[in-house]
Amino acid sequence: MLAFDDHDLHGNSAGISPVAAAVVTRLKEAPALKPTQELSDQTIWMLAVRDARDRAAFGRLFDHFAPRLKAMIMRSGMAADQAEDVVQDVMLTVWRKAGMFDPARAQVSAWIYQIARNRQIDVIRRETRPVPEELSQETSCEPAADQALALEQEAAQLRAALAELPEAQRTMVEQAYLGDLTHGEIRVNTGLPLGTIKSRIRLALEKLRHDLKELRAQ
Amino acid sequence: MNTVAHQIPSDILAAYAAGQLPHPYALVVAAHVSMCDAARAEVEGYQMLGGTMMEAEGPVDVSATMRDAIFAQLDAPAPVEPEYKAQGPIPAPIMAALKGKAPKWRGVGLGAKQALVHKSDAGTVRLLHIPAGQAMPDHGHAGLEMTMVLQGAFYDGEDRFGVGDVEIADEEIDHTPIAAGGEPCICLAATDAPLRFNSRLPRLLQPILGI
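Chain order of the listed sequences is A and B.
Positions 1 to 218 (UniProt numbering) are the ones given, in order, by the first sequence.
Positions 1 to 211 (UniProt numbering) are the ones given, in order, by the second sequence.
Warning: the hint list may mix true and false statements.
[Unchecked claim] The following label-pair restraints were derived from C-beta to C-beta distances:
1. A:Asp-180 with B:Ser-120: 34 to 40 angstroms
2. A:Arg-187 with B:Lys-119: 19 to 25 angstroms
3. B:Asp-159 with A:Gly-59: 50 to 56 angstroms
4. B:Leu-74 with A:Leu-165: 20 to 26 angstroms
Don't read these hints as lab results, they were simulated from the structure.
Just so you know, even glycine gets a beta-carbon here, dropped at the ideal spot from N, CA and C.
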């Protein structure tokens, strides 16, 4: 995690580019920001990829996510080399579609997760997974900064809630979200930390309302 | 803000986010999420849960050659993917399933029309066009049926379903939706099993219509 203090903004301790640092500065200076909040390294790397096509940042994203994606994909019984093909497709999509990443609406892990699930379904079921229409909106940091930071806090709470799940429950939720995609289940346990999910939903709605208001004002 | 009175239940939205939902229903959920901000926010919540769990996976070594292969491709032009937009009442994911072509409507009697969107072993998705005030053919079904309103409205008993609303009927329900007055009702309907009509004529037509 990268805290908002001068050392991190100027130093390269997290290996961030000047552009990413500028993004952090913009976020730091945004109104209604609580100084105790912080953006994750993953978010900063992803913003550097999105805004500056920063290859070093992409390398860091790759080193963090590729081994985890491979683990998830191999749960479906896919052989290691085939799983790597899927990981390669997913990470290339991350690079190419970086412009769609909006830190106020999604954590990097959630954004990559949904790209990976799409790709897994395309490969396993040989049909294109239906996806919703993208919201047309400018990806601008300033008005969304407090939302992005609030999302980081939600993510931390979600991680804590997941860690506290009883083993059996956790296994069941993992099975649904990470496991095999061939059963075609109609209903899936939403996962126990429902309070956290609900507040995530409330946040997302506030963000959508904000965007729609902006769009109308233009 | 769009508000939808008849929401898709959380466990079905979660199944969609987790990639578990069978294709026909996933088409309806993608269409619904395109039209309903609350459902979009909820799906994004479950994606966050999935992402958090993916990130907590014990890492598995990846080959250096794969890493190099990706970096070698970063400058290559990205393949052009067709982008589909909503057309009139038909949401973008359905236009994508139709590959951007206008639906092929076929009369099914009494002014009602249908157009096939998807048919596979997993089930069927159709567009239905029902004249105002007219009943959809009386039917029961073997599996789950999801029906979303794209234009107009329909009544099923006491319940009114407007644009964006989804009716979810399991095999217990023998129902007769009736299009509301005003404009024709256009619906998107997904089933995982062929419909069985309760009146004689539609049952005879069933193999011909492919529903």
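Inset, instruction - Would you pick out the hints that fail for this structure and give their numbers low to high? - result: 1 and 4
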